[in-house]
Each structure stands twice: as structure tokens, then as C-alpha cells.
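Visitor: With the numbering used here applied, the sequence shown has no gaps in its numbers, which climb one by one up to 436 at the end.
Hints are not guaranteed to be accurate.
[To be verified] Below, computed lysine-lysine pairings styled on PhoX-like, alpha-carbon distance capped at 20 Å:
1. K234 <-> K80
2. K3 <-> K234
3. K231 <-> K221
4. K3 <-> K221
5. K231 <-> K3
6. K80 <-> K221
[Claimed, not checked] Using C-beta positions, here's what the derived DEER-type ranges look like:
7. F48 <-> Q10: 35 to 43 Å
8. V92 <-> I290: 28 to 36 Å
9. E220 <-> I407: 31 to 39 Å
10. V96 <-> P322: 25 to 33 Å
None of these hints come from the bench; they were simulated from the model. We treat Cβ as the ideally placed atom computed from N, Cα and C, and that holds for glycine.
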Amino acid sequence: MKFYGLDGQQWTNVIAAWSGWLMDGYVSIAYLLMASYLAVVFFPSSFTGSLIAVVLGLAVGSIARSIGSLVFGNFLGDKIGRRNMLMVTVVGFSVFSFAIGFLPTYTTAGYIAFGLLYMLLFIIGLFGGAEYGGGTALYAETVPAEKRGVIGAFVQSGFGTGFFVAAGVAAIIGSYYTTAQITSFAWRIMFYTTLIPGIIALVSRLGARETPVFKEMIEKREIERTPIFKMIKEEPLPMIFAIFITTGLLYINSGTFSFYPILMGTGINNIPLVDSGLILVVANLVSLIGVWLGGFISTRIPGRRLAMMIFSALFIVSLYPLTFYGVSTDVTTLYVVFSIQAFLEAMIFSTLPSFLAEKFSKRYRSTGVGFTYNAGAIIGGFAPTFILLSRSSLGLLNGWFLNLVIANVVLILGLALSAETWSKAKAGARDIIHD
Numbered sequence: 002m003k004f005y006g007l008d009g010q011q012w013t014n015v016i017a018a019w020s021g022w023l024m025d026g027y028v029s030i031a032y033l034l035m036a037s038y039l040a041v042v043f044f045p046s047s048f049t050g051s052l053i054a055v056v057l058g059l060a061v062g063s064i065a066r067s068i069g070s071l072v073f074g075n076f077l078g079d080k081i082g083r084r085n086m087l088m089v090t091v092v093g094f095s096v097f098s099f100a101i102g103f104l105p106t107y108t109t110a111g112y113i114a115f116g117l118l119y120m121l122l123f124i125i126g127l128f129g130g131a132e133y134g135g136g137t138a139l140y141a142e143t144v145p146a147e148k149r150g151v152i153g154a155f156v157q158s159g160f161g162t163g164f165f166v167a168a169g170v171a172a173i174i175g176s177y178y179t180t181a182q183i184t185s186f187a188w189r190i191m192f193y194t195t196l197i198p199g200i201i202a203l204v205s206r207l208g209a210r211e212t213p214v215f216k217e218m219i220e221k222r223e224i225e226r227t228p229i230f231k232m233i234k235e236e237p238l239p240m241i242f243a244i245f246i247t248t249g250l251l252y253i254n255s256g257t258f259s260f261y262p263i264l265m266g267t268g269i270n271n272i273p274l275v276d277s278g279l280i281l282v283v284a285n286l287v288s289l290i291g292v293w294l295g296g297f298i299s300t301r302i303p304g305r306r307l308a309m310m311i312f313s314a315l316f317i318v319s320l321y322p323l324t325f326y327g328v329s330t331d332v333t334t335l336y337v338v339f340s341i342q343a344f345l346e347a348m349i350f351s352t353l354p355s356f357l358a359e360k361f362s363k364r365y366r367s368t369g370v371g372f373t374y375n376a377g378a379i380i381g382g383f384a385p386t387f388i389l390l391s392r393s394s395l396g397l398l399n400g401w402f403l404n405l406v407i408a409n410v411v412l413i414l415g416l417a418l419s420a421e422t423w424s425k426a427k428a429g430a431r432d433i434i435h436d
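Taking the hints into account, I'd like the entire structure generated from these sequences.
Guide: Shown next, in the form of C-alpha cells:
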């Protein structure tokens, strides 16, 4: 029996890829939701830059992700298989995220505690960096081209789902414990729960199978000895243009989804954790609608790249009024503003997995997709830090707005320079995912 033209095994592979995004979204946002508390836990009260130092941990993880995408993609994903690599990365990703909950604090270990936090964030980033490339290759090489846009949007929605669930858990913690209790011990609960999406991802991947494309590569002896060098030699410009796209888009993502909990947290707008958690629950629920709708709309637009350009234009047109009201301390206003912005941003992301998967040869697809995505996250991961730093000279509103405008320009430039991958006009041709 088939659903949306896919059989049971194809859907198993899709869910296996989706679960990686689920875990990534949960772990990433769990850290950000606790950022204001971690700033108190890991630093003395006299240290004024504690929140920026904690937020800078995002950049540490982002740098590690690029390294991990090359190490795991080059030596596992493009050599032993997409599914086999993902079985390794899911374990490391979840176990080390879980370990954050056991770290000592500044009171018990001084600055060593914060050093250990950075070390764990780096290790988590190494494993997390392989997830996007491996998961994208796993689903894209399993699903027919005409279904890939919608299915890719579904896979991408795993991140928003993880964010949605994590925000709900944070809201529950915020409603049950006081601020003092969260700072004292309850922040650890958030990280203990990260093991759950890891188990879900591991179980879903037990039933996954290697993709037909990779099996064909083995049969024809097409496995590259050094996929990363082959990619750099054959497609340097497409790789660079793809990094422009991911840099702009991930900077926007970090400057919105990742910045929301910081903006609402202690030290800026002081929104209670229960309220900020519920705001993020609603915003991410709306973002799921945005990414799914974007995937369906993209099937009516003649091209993946063109769809992203249209969605990017809608985002930048709405940017100033949404950031203007986004700095409000009124809870009702934040529900509306963050939901609209999350919806529009999610639409841009809807075709990104399919676009990147179709851009790179099967011989280095896991490496290429993983590296270009995570290379964009290197600068993108600094977005909350740069916004906080620009607040002192430009003000919160202007600093936030300017950072997002620059990121959107970089995104559109990358799209303008890139070639289209699959479109309706090419529907009758051989699917380039096999090349």
C-alpha cells in the first residue's frame, strides 16, 4: 500500500531522515531556551558578558559542524553509505547533548565548568554536522523527483517539530519551577530530555535501508576515495554559491528562531519562561504550516531556486514591521509577530534540502550537502552574538533589523548566481539525483 506515491520502505527512509532534523531542532533550542540561566550558572555575577559568552557557544558548535560534515560525510556517508553513517552520528549527537545536564557549575568548578560546556558543544557539533548531508542524501535518493519538493519540506519540518516540542517542555518546566529553582537545578532537566529524540531517531533508523543510488554506486564501483577533493575540483563555483545561500539563510534562522528565546530571556525583555516557551510553541507550530505549504506551493513554481527567491522576497518585504513589533514586551504582540515571521522564513527553507541534494553529484552528495549547509552555519551561528553586540551602538531594533537585511541580501545573491536544479521543464529528463 502506498501513500503519496511512496511505499513503506521509502517512508521509513524519509522518517529516518526527518528524525535527525527533529533531534537537531530539539537539542539546539533546548540550549537557547536555557541560555539566560546558563549565563548565571557558569559565570560569576560580576562577569557582565556572560550571556554573550553562552550564546557564542552556538558559533563553537557551528564551526564543529563544518568539520564533522567533512569527516563523517567524506569518510562514512560517501563511502559506507548514508544510512550507516546516520546510525553512528545519532548516538554521539544524543549522548553528548544528554551529558550537558551533568556538568559542574561555576560554583563547584570555576571557569573549568564553562570550558567543559564549550567542549561538549564542539563534540555535539561534530556529530550534528553530518546529519543534514546524510539525511538529505538518504531521503532524496529514495524519493522520485516530482515528489522530492513536498517530501523535502516535510523532512525540513523536523527541525521545527523539535523546536516545537522543546519549547513545550520548557513551558512545562517554567510553570512548575520558579526562576531560582531553574537556575539552581531544573535547567539540567531540559538537557536530560534530549536523550528522548535521540532514541526516537535511532529506532527509526533501524528499519531504514541504504538508498538505491548508493547501492548502484557500489555495484558499479563508483565510490570515490576522497569525495571532498573530487567535489572541490569538479564544482568549486556551485559549492561557493551554495555556501552564500546557506550562510544567508542560516544567519536569518539564527537571527530569528535562535534569537527569540534570547530576546525574551532574562536580561533583555524578561518574559517569564512559561510565556516565552508557549510563544515559541505557537510560532513553531505555525512554522510547520509554513514549511509544508511552501513545499506544496513550490510544486506549482517552475523551479526550486525560483521558489526560494520568491519566498525570500516576501520575507524581506515584511522584515521591518515584524522586527519593530518583535522587540515588544507585550506577550500577545509577540505571539502574532513571531508566528508570522516564522511562517515566512519556513517557506524559504521548504525547498532547500531538495535544491542542495540535486546540486551535487551522487559521488560526493553527502559531503557536498553537509559541508555547504554547515559552512553557512559558521557565520550564521554568530547571528545572535552580532545582534547583541550591535545593540550597544545601533539599539536593539536597528541592530536586529540591519543584521537580518544583510543576511537576506547574501541569500538572494547566492540564489541569483546559482543554476536551477530540477524544474517542471526538466521533468521528462533523467533525474539528476542519479548522476
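Visitor: Please flag the earlier hints that this structure goes against, numbers listed from lowest up.
Guide: The structure breaks hints 2, 4, 5, 7, 9, 10; every other hint is satisfied.
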